[in-house]
Amino acid sequence: MFRYPLPYQADSRAYFLAIADMPWAMWLDSGGRGRFDILTAHPIATLVTQGEQTEIGGVAAEWRSDADPLDLIREQLGVKATNSPDIPYAGGALGYWSYDLARRWFMLPNLAQEAEHLPEMAVGIYDWALVVDHQLHTAQLVSHLRHPQTEVFLHHIAERFDTVNDCGQAGAERAFRVASTISSNFTRARYETAFDTVQRYLHSGDCYQVNLAQRFSVHAQGDALTAYLALREISPAPFSAFLSLPQAQIMCASPERFLRVENGHVETKPIKGTRPRGADAEEDAMRLADLRTHPKDRAENLMIVDLLRNDLGRCCLPGSVHTPTLFEIESYSNVHHLVSTVTGELAPSEDALSLLRACFPGGSITGAPKQRAMQIIEELEPHRRGVYCGAIGYIGYDGNMDSNIAIRTLVLAENNLRCWAGGGIVADSIAEAEYQETLDKAAGMLALLRMFGG
-15 MFRYPLPYQA DSRAYFLAIA DMPWAMWLDS GGRGRFDILT AHPIATLVTQ GEQTEIGGVA
45 AEWRSDADPL DLIREQLGVK ATNSPDIPYA GGALGYWSYD LARRWFMLPN LAQEAEHLPE
105 MAVGIYDWAL VVDHQLHTAQ LVSHLRHPQT EVFLHHIAER FDTVNDCGQA GAERAFRVAS
165 TISSNFTRAR YETAFDTVQR YLHSGDCYQV NLAQRFSVHA QGDALTAYLA LREISPAPFS
225 AFLSLPQAQI MCASPERFLR VENGHVETKP IKGTRPRGAD AEEDAMRLAD LRTHPKDRAE
285 NLMIVDLLRN DLGRCCLPGS VHTPTLFEIE SYSNVHHLVS TVTGELAPSE DALSLLRACF
345 PGGSITGAPK QRAMQIIEEL EPHRRGVYCG AIGYIGYDGN MDSNIAIRTL VLAENNLRCW
405 AGGGIVADSI AEAEYQETLD KAAGMLALLR MFGG
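For the sequence shown, my numbering gives the first residue as -15, with consecutive numbering after it.
Hints were generated in silico from the structure; no laboratory data involved. Worth double-checking, as some hints may not be accurate.
What the hints assert, rightly or not - For lysine to aspartate or glutamate, the following EDC-like pairs were computed, each having C-alpha atoms within a straight-line distance of at most 16 Å:
| hint | residue 1 | residue 2 |
| --- | --- | --- |
| 1 | Lys64 | Asp207 |
| 2 | Lys280 | Asp412 |
| 3 | Lys280 | Glu418 |
| 4 | Lys64 | Glu334 |
| 5 | Lys64 | Glu418 |
Stated by the list, open to error - The calculated label-pair distances, taken between Cβ atoms and stated as ranges, are:
| hint | residue 1 | residue 2 | range |
| --- | --- | --- | --- |
| 6 | Asn247 | Gly297 | 15 to 21 Å |
| 7 | Gln231 | Asp(-5) | 24 to 30 Å |
| 8 | Glu217 | Gly303 | 51 to 57 Å |
Beta carbons are placed, not taken as given, at the ideal position from N, Cα and C, and that holds for glycine.
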């Protein structure tokens, strides 16, 4: 494996600014709460899925296929490689899988309006990465050198990173502004009507839980990277990301891991249960204690744990799926979350891509049972979700994977900036409280929009 050491930066922002102008620049950003940041750009191939077709762009040619998009990724990854234990990703697939990619695998009606017109999948195949390790305090440019031109290209990349000085200055931030007031696709009255419909489905036995989300929109102009740099200060999160694509710029401050695969060990960490932070330490402690012990939140969380245990069981060895932690508290700048952990051991006949398909989209953002909950979401939410509630992450040449649930996510496309927030509705939910929870979850994103003029 090619390795080129670079000076460690506690904040990888400056390193990303050094490559932000390159095509398909990607930044998986642990937000000061995780171990690794992963930065890359200029893929050797791209896979872009819209409808039934995936366009595969390579160095020498482009072609289209109607095959399963995940199978196409598997073909592009090719022969499995071996990484060092301190390198989570040295190339492979990296990008997003939108919530609506699941239309291929679930029987859903076509009711919600398609507003974004973005690909259901946008994934690059990369032959290099900069890995910043906040535990070992290292930064390394790494590659498996799968493409014959990569080694020469890496010298150019290294020169860019070498320009990052000790003060962390590189590149330049460009202007960004919000040019309209914030609007939602749900009025409070429309949300309450949708809530009542969910309640009827719950009481008739159609489902046990449905995640209902609203979408906020503004007109915006400029470079979304400037907005993302502000977002990561307002709402730092361990599974944050910035994706610069031809079709859109995606800003994500997700607190939630979707799927991780490391040498066959599988982990998912669903979030269910939320409280806003208190105005002072005493109120904050009271809200945290209420979240930790409230029967509704614990029941809601357990429903999704059971769903994910079933999803993991489709690809994991019999008897290997366990729940090592239940109902742990994770605290963020605006909210407290109730988080559980489900683990398993991947069966020899399965891989990260088959696991992704078995579990997609994440149960914490659909409800249970998954297909019926998704049908109800399609009926009640005015617009398709797109990137929101899909996943952002990587699948390396070594077969390892890490991904988030794409919540706390903003998408800028054609001067329209959109973000979403939702919550799980169960039989004893109260409409006013559920509506307020969506606002609590969106607080950091809405503060960002107001900061830039919204």
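Consistency of the hints with the structure:
1. Lys64 <-> Asp207: violated, 37 Å
2. Lys280 <-> Asp412: holds, 7 Å
3. Lys280 <-> Glu418: Cα-Cα ~12 Å, so holds.
4. Lys64 <-> Glu334: holds, 14 Å
5. Lys64 <-> Glu418: Measuring from Cα to Cα gives roughly 45 Å; hence the hint is violated.
6. Asn247 <-> Gly297: 15 to 21 Å: holds, 20 Å
7. Gln231 <-> Asp(-5): 24 to 30 Å: For Gln231 and Asp(-5) the Cβ distance comes to about 28 Å; the hint holds.
8. Glu217 <-> Gly303: 51 to 57 Å: Violated, at about 45 Å.
Checked against the numbered hints given earlier, the structure breaks hints 1, 5, 8 and satisfies all the rest.
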